[in-house]
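Student: Make the full structure from the sequences, and use the hints.
Residue numbers (UniProt numbering), protein chains in the order written: chain A, 1 to 261; chain B, 1 to 334.
Each hint should be verified, as a subset may be incorrect.
[Said to hold, decoys possible] Just a few of them, taken from the derived set where beta-carbon distance is under 10 Å, the chain B residues facing chain A:
#1 R12
#2 D15
#3 E19
#4 A21
#5 R157
#6 L192
#7 Q195
#8 R198
#9 V201
#10 V203
#11 A210
#12 G214
#13 P216
#14 R219
#15 S268
No wet-lab data here; the hints were simulated from the structure. Computed from a prediction, not measured in an experiment: that's the story for all the values here. Heads up, the beta-carbon is just placed ideally off N, CA and C, and yes, glycines get one too.
Take a look at the letters that make up each chain.
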Amino acid sequence: MMAAEAQATRGRGDAPLPPEPILRLRNIHKSFGSHEALRGVDLDIRPGECLGLIGDNAAGKSTLSKVISGTYIPDVGEIELNGRAVRFSTPSEARDLNIEMVYQDLSLCDHVDVVGNLFLGRELKRGPFLDQKRMLAQAETMLAALEIRIPRLTAKVEKLSGGQRQAIAIARAASFEPKILLMDEPTSALAVAEVEAVLGLINRVKARGVAVVLVTHRMQDLFRVCDRVAVMYEGTKVAERAIGETDLQELVDLIVGKGGH
Amino acid sequence: MASYTERQAGSRLADYLSERAQVLSIALFFAICILFFSATTTTFLTTGNLLNVVRQAAPILIVAVAMTLVITTAGIDLSVGSLVALINALAAILMAAGLPWPVVVVLMLVAGGLIGGVQGWFISYQGIPAFIVTLAGLSILRGFALLLTEGYSIPIRDAAGFFWLGRGEVLGFPVPALLAILVAILGFIVMLHTQYGRQVVAVGSNMEAARRVGMPAKRVLASVYVVSGVASAIAGMLIAARLGSGSSNAAQGFELQVIAAVVLGGTSLMGGRASMTGTVLGTMTIAVIGNGLILMHISPFFTQIVTGTIILVAIWMNTRLFDRNWRFARRKPS
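Tutor: Dropping the structure here:
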């Protein structure tokens, strides 16, 4: 793993002291009926850093990321943003504080065109009307910046392939200056070149000081972009490792519960 | 040495046609209806009759434009016919009581919006299916109309301005039809070019996605029933102004005509897919068929059978014949 080593040396070199966390989660609990999805999770997210969130299915990764994005309201626990306690009651409140999320189900509107989906919820207007021309022009720049190629931006999203749809969901979250970017399985339906583009994108937004949380099953991606990895197991965080101090085997053991606990 | 080439983009014309397949098919059906009635009757294609058709279609078109919004959110409003009757009767009663007609018009628009708002609140904030809420509304509102009028028709007297709304002409063109055209243009602009229209489509397409991106999803869902309430109020007053009276028996079966027009126009009952142009064409088709059958001396009761059949066939084509992109669904080889 050449890339991993390079990443590790760089990580140790230019950040002797970890920066203050932009987001701090303490003792987060969330239940759905009798099912305890999260059982007291603590997590720090730092600017300019990519945190990998891994774990088996139903370990609570998606639930945790949805708590951060305001989609779920935790039953118990505190969230601090830049040292101030916050409480999101809707996803739009989190979005207003520059917390963006790429949902696993993509959350696209099939009957709206590509441009409309990119600007969903923050349409540009000219007077009382939608400014379609300006949105189209900006959408082209947004997609070009992420090296995403969609033949026709006025096509309805339902006509696009799974990979193209995922690319649009990512572009929507990454293009509006997020401070925290949550990505739930962003590369699961992508082709090789598109995965490379997303990993490149993560490294670019990290360099701009954005905190990235990457929920993924693709272990090889972790070593390409993450600085830290948090392992979830049955609704708890069982381990946290700096990427340079761990390897694939240890992470796999932690995920399945063969680790030291 | 591999050579890389780019795939050619698909034909723009093909994209355009496939996206508008439903509007084109209803336009074709509309044209066939017109040709058929022109050939089989001598009076259909006269100016007088055509103006009559648009005058009679006006209330349906106004409510169909609003119903397009409702159905785009994957909802339905079955109460429009009863609301038209209630407003129709209430307007006549208030004018008979001596209220000036402009005041009555404003009051009725507010009442329509409020009644729609109550139904929208149950649907959106209480999560009761639109079908149930508006079915109850269908019964309740017609009941109120009957209770207020005790079944009698109430004449409207001395309200020339009000009658002008239903019977007047501007340059030879009926006023109600002009109003309906204005409403249709407004609906077209709202649906395609405003943030509200985008929100309606988004809520119908993927409500959770709309919520996640910060749209006021519940408020939008409730609002379409306010719109259909106001539209029903306009329709109710146009009918009262044309007939010069208010009756609890007005607009029987109106909701079916409206829903048939919208569905025939290609707006999907599953939500998200809307076509204002289709709604206008659908309404005119329903109106032309109703008018043509009468000119052919076929029993007016037959119109009901045709309307029902159109709904069934349109929904059948909507779900079976075309796939979700409105292309002809390919049959699986057996």
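Student: Give a verdict on every hint.
Tutor: Hint check:
1. R12: holds (8 Å)
2. D15: Status holds, d = 7 Å.
3. E19: Hint holds; E19 of chain B Cβ to chain A Cβ min 7 Å, cut 10 Å.
4. A21: violated (13 Å)
5. R157: violated (41 Å)
6. L192: The hint holds - L192 of chain B has a Cβ within 10 Å of chain A, the shortest such distance being about 8 Å.
7. Q195: holds (5 Å)
8. R198: Constraint on R198 of chain B satisfied, holds at 6 Å.
9. V201: Given a least distance of 6 Å, the restraint on V201 of chain B holds.
10. V203: holds (9 Å)
11. A210: Constraint on A210 of chain B satisfied, holds at 7 Å.
12. G214: holds (3 Å)
13. P216: At about 9 Å, which falls below the 10 Å cut-off, the nearest Cβ of chain A leaves the hint on P216 of chain B intact, so it holds.
14. R219: violated (12 Å)
15. S268: At about 8 Å, which falls below the 10 Å cut-off, the nearest Cβ of chain A leaves the hint on S268 of chain B intact, so it holds.
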